[in-house]
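Protein chains in written order, with my numbering: chain A, 1 to 418; chain B, 1 to 653; chain C, 1 to 438.
To be clear, the hints were calculated from the coordinates, so they are not data collected in a lab. No residue lacks a Cβ here, since even glycine has one placed at the ideal position from N, Cα and C. Be careful, since some hints might not be right.
Claimed, not checked - For the chain A half of the interface with chain C, some residues (derived, Cβ under 10 Å), not all of them: (1) 104; (2) 105; (3) 238; (4) 365.
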Amino acid sequence: MAYLALTPRRRPLVARYPSIAIFLGILALFTVGVTVLAEGFGIGLISTSFVKTLGKTLCLCLVALAMDLVWGYCGILSLGHMAFFGIGGYAIGMWLMYARTELIVIESLAAAPLPPTPQEISDGIATQIFGVVGASEFPPIWSVAHSLPLQLAAVVLVPGVLALVFGWLAFRSRVTGVYLSILTQAMTLALSLYLFQNDSGLRGNNGLSGLQNLPGLDAIPQSTISIVFFWASAFALGLGYLVCAWVVSGKFGSVIRAIRDDEARARFLGYSVEAYKLFIFTFTAVIAGIAGALYYPQAGIINPAEIAPIASIYLAVWVAIGGRGKLYGAVIGAAFVSLLSSWFTGGQAPDINLGVYTIQWVDWWTILLGLSFVAVTLFAPRGIGGLFDLIAERRSPDRHGAALGPDAGALREKEADA
Amino acid sequence: MLFVLRRLLAGVLMVAASGLAAVAQDTDAPIQTLLQTHAEAIAKSSRKTIGPAIDALAASGLDDAQTVLQRWQDKEMWFDKETGLFVFAEKADNKTLTLFDVAGGGTIGTAPKKSYKQLKPNSGIRSMIGAALVQFQLNSPDPLTRATALNAIEREAEASHLTALRGAIDSEENPFLKTRKIRLERLLTIRFAEDDDTRIAAIKSFAGDLGVDVRAALNPLVATRIEAARDVPEGAMPLKVGSDALPRDAAYAILVAQDDAPARVSPGALRDALVANIKDDQIAGIQVATLVTDEARADVYGLLAGEGRVAPLVTEADVTASLERFRFFATYTSAPLAVALAAQATLDDIEATVALNQTADLVLDALSLASIYFLAAIGLAITFGVMGVINMAHGEFIMMGAYTGYVVQLFVPDYTLSILLAIPLAFAVTFAAGVALERLVIRWLYHRPLETLLATFGVSIALQQLAKNIFGTQARPLTAPGWLDGSWVLNDIVSISYIRIAIFALALLFLALFLFVMNRTRLGLEVRAVTQNPRMAASMGINPDRINMLTFGFGSGIAGIAGVAIGLYAKVTSEMGTDYIVQSFMTVVVGGVGNIWGTLLGATMVGSLQKGIEWLNPSNTLAAQTYMILFIILFIQFRPRGIIALKGRAAEA
Amino acid sequence: MLRKTAARRKRGFTMSRKLFCTTAAAVLVGAVPALADCPVKVGVLHSLSGTMAISETTLKDTMEMLIEQQNTKGGVLGCELEAVVVDPASDWPLFAEKARELLTVHEVDVIFGNWTSVSRKSVLPVIEELNGLLFYPVQYEGEESSKNVFYTGAAPNQQAIPATDYFLEELEVEKFALLGTDYVYPRTTNNILESYLQQKGIPAEDIFVNYTPFGHSDWSKIVADVVALGADGKKVGVISTINGDANVGFYKELAAAGISADDIPVVAFSVGEEELSGLDTANLVGHLAAWNYFQSAESDANVEWVDAWKARMGDERVTNDPMEAHYIGFNMWVNAATAAGTTDVDAVRAAMYGQEFPNLTGGTAVMLPNHHLAKPVLIGEIQEDGQFDIISQTKEVAGDAWTDFLPESAVLKSDWKELGCGMYNTDTGSCVQIKSNY
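Bound-form chain A, shown alone (with noise of 0.2 Å):
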């Protein structure tokens, strides 16, 4: 990354950027709200619960970045961030879980007649944690589980290194396009399948639960730990879209783009495109992985279904209905989508009678999302986020065909055939 280095002073990114400066004030003032109006420490009008539907979406949207990172941005369609969101979300669980029902047993230990053995106390948290699912000892993935840092760690290596060790392996042998994607998929659909078995020594179809009770905080109420949390995810959300400004703005993000738009013509122009691919996909890994971390502990249960191929093909949606290219499109689409989703899905957005028949949306808004997926491919590749390009006016030249990648540089329909 030297050649960062090289590049000649320039104003500072948000300066040359305004678009981050308005966003990271909308986050601010909406933190600030949504703590003044919530239980917590504010007066009350938000009920806990949308606390932390509101704090679950900031990681959403955390996460929509990264993939609008490596899809908008670089051009890889990746049909696996979910599942990298989901192993921070496990690596986090697996301590939340460990470390509360320690306390528990060794609290129930102390009043049997003989002090307790290190053994003792392993074996009592193991039966505790997988007596659900019928065994009594530890498996070995668990070693580091009653470290904090340790798991903290796991957070963010686990995720990289695998998205390491995969993207090499597939941008070594040149796999792009759509096998990358069914590649990916089928990623995420083992890892699935793998953590749906009991063997994988993570509770199998249980998962790990009871996430949203912090160790040693029991005395702490809901109210307070969800703002708190809340606050986390809109800080995390902050910094990871200040640093995806930062990783776009410069050469670097040029290179990237690039690389989306003709790969071929960026090997020829001597750039390493492996490199470059490896490292965005390594590191929304990674984001993707902080995004799960926070959002479990606020959901309160994960388990394998979070992990399906379906969750992050609706990753994909959102980033692409919000309008890729563009990270406050990811943002925009993540918060959008899976608020509306979740607000037709919960029944309570109204029946529509038709006479003959009534539509009821938590039956019809899927195929409505497929649908306007389809549209939106189709008619407006920039998604929601297009419309900010209306609004400053910052039309593309006039050329022929469709666009093929989302920004006002990429190569046309046209000149594609050409």
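Fit chains B and C to the supplied structure of chain A, relying on the hints for placement.
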């Protein structure tokens, strides 16, 4: 008021009816008396206690005994809740029964169902009754009844059946039944004959026979028991401690069980012993609070043992010493040595053949699975392999085909006819859906493969939910015609269901169809031209739009037919497409895009791989799927263009 | 503490409405004004969309029918009952979110809900944190006892163990194939059964265990493996904890292999009337299922219940075991609230212990201090019409939260009435934890 009157009237009628029944029934008939003596056991209806009742009936020599046993077995016997008298009964309507006398079977009249209780012998009792009925049925003029008797013997053989069977062989006219009787006679000889030589002869006659029943008869004869003594007695087989047959722990457990060695002190027992010896927060002078490791506990326990207050710890050295003092050996427990050895020899002979046949069965299973994958993937081999279009809604086309079959069966009750109708209909429906998808979505995205993938995902999500809205989330039945029921049985090990054979045949048929269409028809020629160079093809007068539409429709239509076949063997749900989509893509990618033989090879590899892993790890089928996908991911890393890679220009298209 | 005062404050706001309501009720029914907010809200937490919708929607309808019936009888404590239905959409984290919503936003007095174990585990922390009350109606794997949950479905000793006894004693099965879908209920149940069978003298090598994924369809190899088990002359029986769709393929393969119930009987714990409606049962006649309820039970109460259900939902609809569990649970809750004179959770819980209510299959269900029911166990043979012929019915069996057949659980005991603990270690004489293990 009126209601009360009606109730009263009904009551009077009921009393009258049951009164009538009691009059007409022969309460003192010998069969009724016999049943009454065992009334308690019969009413309790438990296999544990029913034996004497069935034996008494079978041995009674009464004319009615056979009928009683038979109708009892058919759940047609009831008893009066008040008097306890047994009757035969049939339901006249929801609330009344038509009664028949157990003696003679004459009609008694009708009675309200409420005052009678039905005897419901469970299948354990039913097979005991069946065994008792054998003596009546073995020489029956009706071959079906004789077959029933043979079934009963197979399920619940008794020593008495052997003589009965021997007497019934010569008179048997039906050659099929005769073979069965002879075989059964030899099996029973192995189990029940007194004379060792006849038993050994019967055992030897089964050499190489793969029947499960043969192994079921032989295996109990070679049961062994492991014992330990100072010397190995004659005729026993010595065992080595630490071998697979006798692990160290098992050997020591035998010694403990024989009281030849002290039991090891378990951690739990150790803890209990310590707890029992706590005095003023001390054990043997050591503070309890210091006992925070296992070693510390063991040391204190050692101190207690030294004082003789607890049993001493058994160390590994003690165990070794005890084991060395004894010789371990196995003895046959359920048959004389000669018989057991003959049985063992025959079993060994059979086992070798069994292993061979198991492999054959595994290969059949793998082929079957491969044909299913191939069938699911062949449509994709056209749309993805030939046209290069990613269609993630392919799985949903399979689902549409299956649901078409289900709908057809709703209207056409005849299963054969409905399947014959469903296949072209499924093709038509999915062909139309494919054409619509191509016209509305895909043709706008030919230059944007990633977008095609996403858009078809959207279609896939929408179609799945649509199916849920229409058909619900529960699995729907798609029933195969009767002639596809059952399986083709080569022997007791190698068998495959007809439906799987049909799918296999269908897969081959599609392969032929594909090859024919692509290589021998004008459409195929045009398709190949358009895929290789659309502009050139267009200037030769081919309409690429039309060709693309037709090809896509053709691929989708084949997916629809595959859906019918898959629905027949498994289930029809809105999510069945997702079960196959990733595997199908893997099949095509592994095989090599653009080559149907590659897809065939890919399917074979994926299918046999999955079966192979399942065989290695039979207790966890899920693991097989995971490892298979991992393997495929790795495979693609090293052979990104698949098993059969296109070369030259075609590869770049 | 904080929460309680908040709740009290809220009660103050609704005072006028409550006063009006109770007065109206007192006038109408002539009952003593009771200590409940009117209307009494009953939360229904069953998935109405997603994979579990097919099973759970039936239970939502059941609850609505029960509440309607109770309202025609005058409601509870002089109040109308009002169902608050939410849809957790078969999404496990959403269950927790919706439970919180029910308890804090809608302030329901009781919740009836959940089907899968994982959804229950997801809801548990929320219910315990907010001191709610949940009635869980489905047969489950046990190894849990929460202060805030009443388990009206069967524990393993009320379904799995009696069915295994039936195999051992009545069918004299000597070799067992435990086939299950790979998730917590089959895993734990099979674990208990393995241990139980070994205690009954079945050697470990005569127990074959296999797990398959949800919706598994390729059963040929597994069925062949089961048939091959018979090679050593022992009678083979299959205990199936296969869930949902996968049963279709499994039974189809059994039928294709020509395996009759007389040769290799199969007893299923997750196949009921609803599941059979997706199958052609002609080839399955004689195979078994174990439940606490079958629609074919011949009691007057059941006939009335089935008729009311069919009249409401349509003639082709069937009733099943979890519906009966809700029927018993709901009626017990109504009686307990009446006895306590309030819908306050702690008072109702105290009044629940020892509540009796007639089963639909005859006999009486009793709520035990371990939050489980004493219920009879029924074993039915599948008939051609998709119904079950009940061939065995035990006396009431007391539900056991912690199984006696696993060493870690055998020492545990649940007694909320006397010990005030759901996980009491009888060895050390201490309460392991007051909250439950998630």
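Against the structure, the hints come out as follows:
1. 104: holds, 5 Å
2. 105: holds, 8 Å
3. 238: Cβ of residue 238 (chain A) sits 24 Å from chain C, so the hint is violated.
4. 365: holds, 9 Å
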